[in-house]
Every structure is written in structure tokens, then in C-alpha cells.
Amino acid sequence: MSTLKSNLLVSDVMMSLDRAPVIGETVIFKEALEEMVSKHLGIACIVNAQNKLLGILTDGDVRRMLLRVQKPFSAFFVDDALEHAVQSPLTIAPSDTLVHAVHLMDEKHIWDLPVVDATGVLVSLLHLHPAVEALLGIED
Amino acid sequence: MGKKILEVGYGSVEKVKIGDRLPLVFIGGPCAIENREHAFMMAEEIGKICRRVGISWIYKSCFDKDCRSSPDSFHGIGMHEGLCVLADIRDEFGIPVISDFSDPAWGAPTGEVCDMVQVPAYLCRQTSMLRAAAQTGRPIHLKKGQFMSPWNMKNSVRKIEAAGNHQVLLADRGTFFGYNMLVNDMTSFPIMAATGYPVCFDATHSIQLPTSMGNISGGQREFIPHLVRAAVACGVNALFMETHNDPDNALSDANTVLDLKYLENILGQAKDVHEMRLELLDKYGEDNVHPEK
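First to last, the protein sequences are chains A and B.
Going by the numbering used here, the first residue of the first sequence is number 1, and it counts up by one from there.
Going by the numbering used here, the first residue of the second sequence is number 1, and it counts up by one from there.
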């Protein structure tokens with residue numbers, strides 16, 4: 001039986017940044033989707049040259065856009081991803097507790113949280129599955 | 001429309017600014033440099049008309065016409081001689097000049113003389129051409145290929161930017177509608193302007209019927225005024241029209257160039273429509289119908 005590890009912090013579980021889908025601010029929508037596909041996550045974090053988080057694009061955003069956008073796919077694909085991104089996304093700090101992060105994800109019905117420092121720079125990404133496994137004490 | 005402002009003109013010639021809410025700019029002249037005397041005469045005559053209308057302009061004429069339909073058609077007077085003529089027109093009339101170039105190796109010499117360089121529509125996505133244009137350091141007149149969607153022009157813009165140049169004027173010169181036929185999609189202007197760069201309407205090539213006459217192109221000049229009014233009302237920053245004093249005997253694009261005798265009328269209308277659009281924006285506010293939000 002596992003025991004709930006309620007003292008864990010976001011920084012204990014968050015993934016290394018090279019595993020997270022992260023794109024620059026001028027990357028087009030089609031390339032954002034490719035980045036999400038290649039990293040096997042339903043989120044892309046959009047950052048500026050200083051790595052400050054400008055917005056996120058998620059699978060949910062893409063689904064909603066597919067039902068809403070009227071222009072041809074070829075035009076949609078070449079839009080800057082940032083144009084269709086959530087530009088003030090929910091984020092979390094490395095020092096926040098993992099329990100708080102998971103509660104937040106449950107409350108907002110989301111699977112991932114960008115982890116930013118006090119200046120808004122993206123430092124990592126927290127995905128729900130490893131967070132839950134860590135809380136339950138399940139080893140990889 | 002695009003908010004970036006281009007300044008065309010180096011040295012002692014008039015500096016012509018294009019973009020945002022600035023006055024409409026005219027780019028025009030004979031399609032090809034036929035000979036020195038004709039080029040000078042056209043610069044003189046168009047200059048008089050532009051002064052009467054009150055519109056800033058850039059003299060356009062090309063030294064090489066590489067996209068002619070027939071090997072027997074006039075190909076141009078050649079780069080060296082053509083650039084000498086353009087340099088002398090700059091000096092004589094104090095106006096900026098533009099020519100296109102069709103070979104990446106011609107980019108540098110073209111940019112040394114011309115205040116603005118033009119990338120032909122058929123070559124608008126060729127990386128080597130776009131890099132050569134960018135490396136001139138001059139503002140670039142980039143025409144949307146007849147086969148290109150307006151949104152895909154962003155890729156060409158990105159190629160220019162990647163080569164270090166951030167001065168682009170994007171033009172619509174018509175889009176293929178089946179064979180030997182062009183149409184203008186007026187939505188191309190706001191779509192290309194979304195790049196942030198100013199946009200231009202090429203009226204005389206838009207009424208072209210590409211290679212419709214076997215080994216040369218035809219054209220329907222009667223539609224020029226209609227399309228000019230529509231495009232300017234749409235918000236273009238510049239208007240491009242090839243102009244000739246004797247179209248029937250023009251050595252290039254005889255079926256599309258605008259007869260000089262009509263230029264003042266059309267430029268006057270274009271200037272008025274452009275000013276009226278700005279007045280309407282002041283009166284009613286900027287366009288605010290947004291998609292899907």
C-alpha cells in the first residue's frame with residue numbers, strides 16, 4: 001500500500017524543461033501542434049527570447065478552435081500560435097505544494113500546469129500523472 | 001492594415017514613406033526600360049502628373065524581363081545599361097527608383113543603385129531570391145505569386161526577416177483563376193497586412209490575362225479604375241501601375257500597361273478614395289468586426 005506524500009513540492013516532481021513542449025513567440029500554429037505531438041503532451045508553452053511565459057495552447061483550445069474557426073486550414077496553420085493562445089494562463093511556482101497543484105488541476109479540469117519563477121520565467125511543466133503517482137508514492 | 005512604415009530613398013532623392021495612415025504612394029513607370037530617352041521622358045511626364053495630383057511616387061522600370069512568354073519578346077536592355085539609366089533618373093529628377101531582378105546574383109548590383117528592390121511574383125517563394133533581396137539592405141517590394149495564398153506570403157516574409165531585412169511591401173497582383181485568367185481577392189490585403197507590413201495593389205498586372213494570346217499575355221485595361229477604387233478603399237498603402245505613353249508599341253506588357261493619358265484621372269481618384277477611407281475610420285472608428293472571438 002502506498003502512503004500519501006502530502007509534503008511533496010512541485011519542484012520535486014516537475015519535469016525537466018527539455019521534455020516539455022516549449023515554442024518561441026513567432027512559431028506558427030502548425031509547428032506548435034507538431035511540438036505537442038512530439039513531446040506527447042496536450043499543451044505547448046509559448047515563451048519569448050528571455051524564456052518568459054507569454055501563453056499556452058492546449059488540446060482543449062485546439063478542439064474549441066476547430067469548431068469555431070471559419071478560415072481554411074492552410075490559413076489557420078500559418079497563424080502565429082500565440083495569436084490563438086491563452087495569454088494569461090494559470091501557473092504554479094516550484095515552491096508550491098504538490099497537493100495544491102493537483103487540487104488546482106482538478107478544479108480547473110486541466111492536466112498540465114506551467115511552472116514559473118517569481119519573474120514569470122518558465123522553469124518547468126507539471127503533468128498530472130507523475131504528480132498523482134508521486135503523491136501516492138508509486139515509483140516509476 | 002500594416003503598421004510598419006517603410007522609408008524608400010537614400011542619398012539626396014526624396015524620401016518616400018509608406019505605411020500605416022500615411023498618404024497613398026504611387027509606384028509606376030514603363031514595364032521595361034526601353035531606352036534612355038524614353039525612360040527620361042516617362043519620368044518627366046509621370047512626375048508632372050504626380051505633382052499635379054499631389055502624390056509621392058517611386059519610378060519603376062526593369063532592366064531585364066525574364067518572365068516573357070516568348071523567346072522572341074523584348075528581354076530588356078541589360079543590367080548594366082539599365083541600372084545606369086535608373087541611376088541617372090535618380091540624379092536628374094531626385095526621385096527614388098525601383099527595379100525587379102530575376103537572378104539572385106543580380107540582387108547586389110540592383111540594390112546598389114535602386115532605392116527599393118522588387119522580387120517578381122513568380123519567384124516570390126524562392127529562398128535564394130528572397131535572401132538576395134534582403135541582403136541589399138533596401139526596402140523590398142514583394143509581389144504575391146499568382147499561385148500563392150495571401151497567408152502563405154508570411155513564409156516568404158519570414159525568409160526575408162531571417163536574412164536580416166525588416167522592410168517589406170507586400171503586393172497583390174492577382175491570383176490564378178483557372179488557366180490564363182486572374183482574379184483579385186480583396187481579402188488578401190488585410191490578410192497580408194496582418195504581417196505588420198504595408199500592402200500594395202498592382203493594378204496593371206491584375207487585369208492581365210496571362211499568356212492568353214498564345215505566346216504573349218492579354219489584358220483587360222477597362223477594369224483598372226474599378227479595381228483601383230476597390231483596393232484603395234480596402235486600405236492599401238501603395239498603388240502600383242505600369243504606365244506607357246504609347247501602349248500599343250510598348251516593348252513589354254503592351255496589353256496591360258496603362259496609357260499615360262489616363263494616369264492623372266486614376267491617381268486622383270485613388271488619392272481621394274484613400275483620404276476618404278481615413279476620414280471614415282476617424283468618423284466611425286477602426287474596423288472592429290473580429291473573427292470567432
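If you are wondering where the hints come from, they were derived from the structure by calculation, not from laboratory data.
In this text the structure is predicted, and so the values were computed from the model without any measurement.
Some hints here could point you the wrong way.
Here's a subset of chain B near chain A, in silico, CB distances under 8 Å, partners left out [as the list claims (entries may be wrong)]:
{"id": "1", "residue": "Arg52"}
{"id": "2", "residue": "Ser149"}
{"id": "3", "residue": "Asn152"}
Where is the CB? At the ideal position from N, CA and C, for every residue including glycine.
Going down the list of hints, with the structure as the test:
For B/Arg52, the suggested interface contact is broken, since its CB lies about 41 Å from the closest CB of chain A, more than 8 Å. With a least beta-carbon distance of about 6 Å to chain A, the hint placing B/Ser149 at the interface is held under the 8 Å criterion. With a cut of 8 Å, the hint placing B/Asn152 at the interface with chain A holds, because the nearest CB-to-CB distance is about 6 Å.
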